[in-house]
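Residue numbers (my numbering), protein chains in the order written: chain A, 1 to 395; chain B, 1 to 190; chain C, 1 to 385; chain D, 1 to 202; chain E, 1 to 175.
Simulated from the structure, these hints should not be mistaken for lab results.
For each residue, glycine too, the CB sits at the ideal point set by N, CA and C.
Please note: incorrect hints may appear among the correct ones.
[As the list claims (entries may be wrong)] Here chain A is said to cover these stretches of chain B; the calculated rule only asks that three of the stretch's residues, wherever they fall, bring their Cβ under 8 Å from a Cβ of chain A:
1) 4 to 18
2) 28 to 35
[To be verified] Counterexamples of contact, computed for chain C against chain D with all Cβ distances above 12 Å:
3) Gln190
4) Asn244
5) Ala295
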Amino acid sequence: MTQAPVQQLDQIFVMLKHWLVGYVPAAAQPVVSSLLSVVAILALFPALFAFTTVLERKGLGRMQNRYGPNRVGPFGLLQPLADGIKSLTKEDVVPRTADKAVHFMAPLLLVAASFLAYAVLPVGRNMAAVNLDAGVLYFFAVGAVAELAVFMAGWSSHNKYSLLGAMRAIAQMISYEVPLILSSLAVIMAAGSLSTVEIAGRQAGYSGIWPHWYVLTPWGLAGFLLFMIAATAETNRSPFDLPEGESEIIAGYYTEYSGFKFALFFLGEYLGMFAISGLGITLFLGGWSAPFSFLTWIPSWIWFFAKLLALIAVFIWMRGTLPRLRMDQLMNFAWKFMLPMALLVMVSAGVWRFLPHGVLRWIVCFVMIAVPYVLLGRGLLQGKKIGKRTYRFAE
Amino acid sequence: MLGEGIVKGLAETARNFLGSFVDEERLTTVEYPEERLPQAEAARNFPFLIYDGDDAEKGLRCVACQICEKECPPRCIHIEKSKDKKPDYVGKQQFYPAVFDIDVSVCMSCQICVEVCPFEAIRMDTQFELSTDDRFGGLLWTKAELAKTNEYYHSIHPTEAGETDARLDEEKAKVAAKAKPAEAEMQAKA
Amino acid sequence: MSAMVTRVVLEEEESARGVEGELLEISMGPHHPSTHGVFRMDVRLDGERVTRLKPVFGYLHRNHEKIAEKASYLAAIPYTDRLDYLCSMTNNWGYALAVEKLAGIPVPERAEYIRVITAELTRLQNHASLIGFLLQDMGASGTPLMYAFREREKILDLFESLTGARMMCNYMRFGGVRVDCSSEWLEAAQNIASSFPQFLDEYEQLLTGNEILMARTQGVGALSAELAVNAGITGPMLRASGVNYDLRKVDRYGIYDRFTFRVPLGDHGDVYDRYMIRLLEMRESVKILEQALAAIPEGPIIDPKTRLRGLRPKAGEAYGRIEGPKGELGFFLISDGSTNPYRYKVRPPSMINLTVLEDMCLGRNVADVVVILGSVDIVMGEVDR
Amino acid sequence: MTQAISVEEIKAAMEAAVPGCRAEILRNESPSAQHSLLIDHEHAVNVAAFLRDDMALRLDFCSCVSGVDWPDREITEKVKVKKTVTTPEGEAQEQDVEETRKTMIPGFLEAVYHLFSIEKKHGPVVLRMRTVNRGGDARLPSLTPVWRSAEFQEREAFDLYGIVFEGHPDLRRILMWEGFADYPMRKDYVPPAEDDVEAVAK
Amino acid sequence: MSLSFLILALLTLGGAVAAMTLHRLVHCVLALTVALAGLAGLYLNLGAQFVGLAQILVYVGAVAILIVFAVLLTRGAEIASQMDSSRQGRFSALAGGVATAAAVFAVLAWVVLHSPTLSAPAATMTQVAPQAAMQQIGDALMRRYVLPLEVMGLMLTAALIGAVILALEEKPEAQ
């Protein structure tokens, strides 16, 4: 087997795993193989979480004309270490009236559910922990467990703010799951498969230098934007951070958590964000494939993480800019804008498939999405009489 | 169109984000213990007592008139008048404060004491790194801690100190001028 | 955090229509992230809809008025700094104006100009940071607030170099101001005046057209002009409801009749109008600043005949008021001829503007309450006194 | 602050509009020359409503409500009196005798309302009301039904001075806590010793 | 009987028992969720990926949440489920429960014992390839059962609209 060094680099982790698994008896090999994948996920993504917290704080800082953390370690990169020590040494406060068992289990369940989602994410060529046939379905099923964890946290704290936060969170997550799944359905239709590995594989080809990413079609772009908006809401990130809107309900469902449990919630939230960004990358941004055909020499896993970081940067950017929505507006947006748009994207994806290649299908698909967008947007704003105003002046 | 304002806002934060790497204006943070801004000359924090010469006891300008004690809005000054007298800067016999305490935990840095002092004896310091682990004793400053030289005053508020000195010199000259005829008279009498 | 909700009990109550509703009683505050200090609202919620809201304050009460009645006229000035600690300059001015009325003290021209300059600078920094706080309450994770503070810092630096302190300026005296400003200081103020519109443009670029901001603020907390007038609402909040009442125009106190500026008026009286009125007012303030800086004459800064220490106004009384950044800031003084005011009363705009908080919040939800409270612009130092 | 209408005119208009109302002009000798009108309790609300609604006055804006405490005063004056004195000799004689007389002026609490007109842009018109005494009869009619802006300020006067405003919709303590016993702004209020935390926190 | 089956079966049964015996309603719901998740695990264990995952998505993700909301909105969460304190009441409740469980078990056992797969030779029992299983489900739904599917969709839509109308009617009343 003579492989080019580039390909070797691309597959270095796969080969490493094979090599390690080779040392154990054949009977134990499947178990060890999955264990290795699990360990990799458990090591990698929390590390990414740590890194992201610094990145987020520094990025936000720069947007706000300040430095962000810069005292611990070079450029403040060791800040998460200090934060971790702090949260570990903090007193773990459990309210007296709390339901102790449920209160304890909620953060664990949240983190566990978030970790489970990574099983089906192909982070590189041949690099998915499991190639499930119903991978996308699995992803959403596991994501649904997070809602339960949030409810448990909010209810068990026996605090009204927690309960309000949990109610908000669940209502929001359920509402945005619909456009989230619908917009991924367009991709599933186009790819003809529910398997994440398969979907990523479908997008790995090139026409000229351009990749076959679904985002590079009108319906794909719209679907991607819808998916990301829904993902922001799913992960409770600004501007959809109502469940933990600190200016309204303190910290929402984790008001009564402190110390390491609080850190676990934090971890769970970020893991959810990475996972859903990972799915977005897999579905729309070609997974691990390079953006141009001449860049394929860069290892696939680098591409995946580069895209992941880029998406996280967008999350941070939005957080640094936007104020929060209100609950009813959030719901209106989900049901009156996101849902019809997601359905249209599906239809548009079907049309795209059945129209012949050429300019025509670009125009048809674009119009199919752009016109309703403008109309729905106008309806959303002017239905509530929202717009810029002019003011009069007294001399 | 929906999203227009949001995109504009995003552009603005992006501009600030990128600007923070190139533009001094967009990254205003001063990293405090290492970097310090120059202090404004008018800056004020807590009061101190000025003395002339080297001896804090002898050169203290305060004559224990207790005006500042009365006028101090939060009443953080405590003065006990001396029994004996000592000469002030013009040589006149004056009382001096046997005790002069300021409770800086109460002081609100308002500068009223400075304004009402007719003897140019109390001024505002600019020192602000004053943390202490003694909540009561450490924040009650006695005469010894409060007394600072006129040179120190010049170093923190040069303009104001110059004006003060000029005023004092003028007064000294006046007293001297008054004293001279008196002396001459004395001599004439003699 | 649990202390906040100790009083809270799930309570079953029949709502007005006889529909069995589930009402949640929440005590928002005194330690709540968006109550601007120690302020509490006893809120009753039906779902997330507010059915009752009672403001509770006094946590910062220190009996400011009694303190001032026990102090001399001069010694009360530093205490006024601490009323609305964002705007010490205008507080000083309000008090100085009342004493000047009471004792008939003239103010030299240069001092009047300096007063206008510092007061307008105060207005700029107050409005800018208020909008920052408002957006913070709306969940904008600090960016607008940081931009506002960046500009505010420049103004505070200016105050420091003039008065020695950044916030507790203790600068104005009855009969004038305490120290003179140098030509360099005026130049620095000019720089701020000319660069401030740029900042406002940046702010508006970031915020004004934002759909989320518009959706969150338009139609929220609307206050009718009649109610606003009857409830004694003043300042930008009153003008956002469309009432043309700006003391700088009405009373023409100081030398405000020498400047040309306009008073922006809103038509809806909602949070968005209050936000926009403040933005527009800042632009007008810049205009006043430019004119004042161009016209400031040389001369004395304090009336030489006035005794600061031991002032004994003739027995009588006076009510002096100015247009503070938060509204009408009034001081009512009664003199009995001694060195201390017999009665010293502050008319705190922050507190009186809270009168209509419940009216504005009824039927809205928790998220709106926070935004409405933010748009009222309160500082607890002034509310509680 | 331009006082467009003199207090005398207002008094006349007031007495014409509200029959039976008694008003007294209190002169203010200070340079501010803000004279005030002392009105009686019974007609206070009607007078206030008249002031607010009268087309010429339109005092629609009640800016400031202040409580003032005037404690009991003792005026000592020396008076010369003719008196019949029995001289040591036993004979009655009329003499001029100096005598100190003490007159008690009973104290009262006062509420001062500063009214302005936003519509006509004039003011201030100062309205005063006085309680009968400082004890159990420290009662005044509330003007909150006329001007909502008095709501919090009357509560404050109640809280700090103990003036009970009758007809106030929600007369509770506002700055001090419920259960606080005294009225701290009164001139005879004795604050608890600084280190007496118990008394302060009560 | 494999180890994984044993664990999952215990989990399911344990969850079900807990759901019946726990005092607080919310605890019962959570225990029920465990039982449902265990069931999903059993499906997955049998190689029925789609059914297993759909079970999680629908039952854990939606039904459990729905029950939770229902419990919260009726405020049953605050009150421990009221047990009938009298011995007789308790006995009759137990008897009723046992009778229901026995009836359900009998029906299920009858169905299982008469199912054609049981009589088929063991060779055909081997697991179907997952890909094929997914395809088969899709094919079956879209070809053979397309009419029932459509009818069901129509019914759900009707239910949805009905729910919306119900919610709308309440609104003006509340205001």
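Open item on the list: Need the list of violated hint numbers for this structure, in ascending order.
Closed with: Those not satisfied come down to hint 4.
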